[in-house]
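> In the numbering used here, the protein residues as written are 1 to 94.
These are computed hints drawn from the structure, not numbers from a lab.
Small disclaimer: the values here were computed from a predicted structure and weren't measured.
There may be inaccurate statements among the hints.
Unchecked claim - DSBU-like, lysine-lysine: derived pairs with alpha carbons at most 30 Å apart:
hint, residue 1, residue 2
1, 78, 45
2, 87, 73
3, 87, 76
4, 45, 87
5, 45, 76
6, 45, 73
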Amino acid sequence: MKNNFSQRVKTVVINIPRGQVMTYGQVAAVAGSPRAARAVGNVMKNNFDLAIPCHRVVCSDGSLGDYNRGGSKVKKSKLQAEGVRIKGNSVIFN
DNA sequence: TAGCTGACGCAAA
DNA sequence: ATTTGCGCCAGCT
1 MKNNFSQRVK TVVINIPRGQ VMTYGQVAAV AGSPRAARAV GNVMKNNFDL
51 AIPCHRVVCS DGSLGDYNRG GSKVKKSKLQ AEGVRIKGNS VIFN
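Based on the sequences and whatever the hints tell you, model everything.
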């Protein structure tokens, strides 16, 4: 049910500080399943919760991934606006 | 109950 | 650097 994992994922993402990004795998790991990166993405797209800064969640290789609110370009812009360094179409972890 | 899908992750070619 | 294939987990049909 969506009261253990998905809820967990939401909480984790909401707890991501501004100017900071996390990978799906990392979020999944914190949520309780280090291999549930896909499940994390599924949760995000299924949950249109504005309280969840899904744009702070990116792929492990730095790719932006997708975004249910305007596309990867909007996601990229948002991250840049928060102080996250973007290289081309990828995020730079610091 | 079983099967398919998907905003991923990693390895190999 | 890019593409292909396989594995993983949770949710939906």
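> Confirm or reject each hint.
Now for the hints, and whether the structure bears them out:
1. 78 to 45: 18 Å, holds
2. 87 to 73: It holds: about 13 Å lies between the C-alpha atoms, which stays within 30 Å.
3. 87 to 76: 10 Å, holds
4. 45 to 87: 25 Å, holds
5. 45 to 76: 17 Å, holds
6. 45 to 73: 16 Å, holds
Violated hints for the displayed structure: none, as all numbered hints are satisfied.
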